[in-house]
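Chemist: This is what each chain is made of:
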Amino acid sequence: MSQNITKKENKMKDLSLFLISLVLLLSAWEWSVNSGYLNIIFFSKPSSILHEFLNLLKSGELINHLTITLQEVFIGFFIGIFAGIGMGLLFRWKQTLAKIFLPYIQFLYSTPYVAIVPLLMLWVGIDLFFKIASVVIAVLPIMTIQTYEGTRTVEKDFVNLLRSMKFSNFQIVKKVALPSSLFFIFTGMRLSFGRAVVIAIVAEFQASTAGIGYLIQYSAQTFDTTKLLVGVFIISLISVLIIRLLVALEKYIIKWHPS
Amino acid sequence: MKILKIKNISKSFDKLKVLHKLNFEVKKGEFFSIVGPNGCGKTTILNILAGILVPDSGKIILEKEDITGKISGKLGYMPQKDILLPWRNVFDNLKLVTEVQENAANTNSLIKEYMKKLNLLAFKKFYPYQLSGGFIKRTSLARTLIYSTIVGANVIMLDEPFSNLDAMTKYDLKMDLEKILREEGRTIIFVTHDISEAISISDRIVIFKKRPARIKKIFDLREMGKEGLEEKIMKNLKDEI
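Residue numbers (the working numbering), protein chains in the order written: chain W, 770 to 1028; chain P, 898 to 1138.
Treat each hint with caution, since some may be false.
To be verified - Straight-line Cα separation of at most 30 Å, BS3-like style, residue types lysine-lysine; simulated pairs:
#, chain 1, residue 1, chain 2, residue 2
1, P, Lys971, W, Lys944
2, P, Lys978, P, Lys967
3, P, Lys1022, W, Lys777
To be verified - Pairwise CB distance ranges, derived in the manner of DEER restraints:
#, chain 1, residue 1, chain 2, residue 2, range
4, W, Leu1018, P, Lys924, 50 to 60 Å
5, P, Ala1002, W, Lys868, 39 to 49 Å
6, W, Gln864, P, Gly936, 23 to 33 Å
7, P, Lys1022, W, Thr922, 41 to 51 Å
8, W, Ile1022, P, Asn1003, 27 to 37 Å
9, P, Asp1117, W, Lys925, 50 to 60 Å
10, W, Lys1020, P, Gly1122, 51 to 61 Å
11, W, Leu897, P, Ala1002, 46 to 56 Å
12, W, Leu788, P, Asn1005, 49 to 59 Å
13, W, Pro887, P, Ser1029, 53 to 63 Å
By construction, these hints were calculated from the structure, which means they are not laboratory data. In this text, all values refer to a predicted model and were calculated from it rather than measured experimentally. Glycine included, each C-beta is placed from N, C-alpha and C at the ideal position.
Extracted from the complex, chain P is given alone in its bound form (with noise of 0.2 Å):
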């Protein structure tokens, strides 16, 4: 069952076309994966799918609901940049997409439920500038995460959750991420660069033309496997570069 449809999809910035006629559909409870050069347009469609950006053209419906230039605040989102508020320690900083929920209740363990599945109840009362690079993203998912329980975002978009982070880290924070979102049936949208990233976590992943983006290839992993895939879509990637 398809939960988004992105139809015809267009944005430029002044004379820079970003994207153009972007198609693609994302089925419920999976795993996709948005792999493509670097600026070519990844970022862009997380932010056009948040209602940051107003696309120029095409349509975006969610779940039956046509969403084109709206926030619609019906998808969890974690941009690449982790900005936490300093003045705030781990748990107010989780708290903050609580306060502002109206129906929101037992928020308080909601977020201790979510700070136990990241590991973070030991580090509850530190301040972001006393956190590792690790925690702050386990922090800024655990948001994500929080804000997309208590509105019901079915779908959540992670825009590199894993950059500048050291290998065991990375390694830590993907199995975590990965049994919390795998269990609880959400569907991702996972924008990424890293091509071996991708295979390990997706159902499917989707190559973007460089700039203005296009598809230009989406590969099923339920049903190709994931043998010799990272040469193919390597190969797809390289005329891109």
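Bound-form chain W, shown alone (with noise of 0.2 Å):
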């Protein structure tokens, strides 16, 4: 019970240091654009991005910036979630498929990402398919590494013994792999996240008409360091609310972890 209110006492400590260097932040920088130290053409000042904030939000403009970017986000994100996890569990399931896919999928992992999306774009043109497709690349190899490595952590006496009870391959990866690694699984989740948002940004500024990368491109070859900085900044919130949120659902799934 102590230890209850102790935690939330440091939780709320923890949240008032941060509230307080965040209200000193912004008061320093918008004193600072004020008084001439900094240019407004290209700093802008947070009661500038507060009030175009409202007005984009009033117009629909942001809205109708913002969901076209998260549509591209959320469905590139789940297919390379499941596709991910799927490939890593057949490839728990089938070594020999490990052993000739799993190279090209760690040279995948390890190309910059966002270096992929001019020849996505040659190859599948520059519509929502090719936005979709660049969130994959990016979501896919770390959710199949992290899914494989997470089935590796079953220790092998115990794959023995399930074995030595007549449980298949199937069953052992269904029952024992997959929820062995869901600790991996959601690390792999939060980390791809946050790549998901950043190859949507790259993939609309590359081509689009629309979506928060258009708006920060656009607002950047206006000089509207306002605007920009409003898309900027809702993306960066969105994505960590996402992620927060992702963490809260890992607590709750897999509440059985010592952790």
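Once you've looked at the hints, go ahead and assemble the two chains, each given alone in its own frame, into the complex.
Modeler: Written as structure tokens, this is what we have:
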């Protein structure tokens, strides 16, 4: 009980510290621009950004851009997650497939994923499919590797015991390997969500007429720093919220984990 | 009546010879202990019997069926390492072995029966990290017994089931285990390096020579009694260490 109170107190303390630092930072920024130390054309200022945010919200422009970007991110993210988990488990189940295909997945994982965007554009065009495919390319390798590595945490002795009880490979994967790798899968999801957002924005930089990436790119070209920063902040904020949500989901699903 | 025959079993790992023409038989309903120096191949023979390892040569006959190199699924096995699934509580860990058996009926009542026999009922919803070493052992043991009951395994192999336990916990578990196994008339192959433990629980004790394992001597406790036995076994083992 007292431990819970201390935990809560500590959390409140952390939050207060963060809020104080945020207020100080924003105040310093606002003051620096108002006093002429920072050029408003390049830096804008918090009050203008807030004002622009409300305007974009009221006009529906922001929601429109956001919906398009989030649609690309979420569709690509979920396809990448399910395909990655499926491949990771398949590689565990059929080790020969792992030996053949895992090096390619590792190569894809090590390749700077944004560098693939122009190539994908040449292959599949510039419509929604292109952006979703870009997100899938960013998410799939990390999810495959995380799931595969997670399944490797199952102790060999235990697998042998289950084999002696006539468990099939499929049953071992389903009942033991998949739950064992949940911790790794959630870590993969958290890491790959950030990658998914980055690549969706980069894909929109390359070719789009809507979306947060387009908003940022267009604002940069027209020296509208305020609008640009609204785009940057809103997508960052949403990313942080989604990652927090994933952490909460992880805590709920893997409640058995001692950590 | 012989239930299990091990005939001329040899096994090497690369150039390391672990078992060499090993021969012994286990009688139905007996408590058969294997004692030997560390690394002499005690666990290897259990893994071969379970079908996890394939012998280089020799035969294993279980109730007239040749099970050499096959996973027969007809032997209960409790390995030395207690591994429970951390995301399942005690009850669900025990349920695991029933989930893949097609013809398993009344599994919940069977699980409850063994939980009662092994004093696990109060810990039904506990996760492995919340259990002491003794209760983890009890859960592993219950899992082996439930599996053996479902598949009708008459032979159960226990690999150092009392290792890493304090004296009191070990005593309690040993008493409970012996009671259950004797009541059920199971045939037990028990691997240990604790001689007094083997003497207190066994009908026969086989002494393995140091690697590569062969039979050094078999002691029949029903014929010769337990008096002075520890000393005799120690003498036999001394040459092998």
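Chemist: Which of the listed hints are not met by the structure?
Modeler: 7, 9
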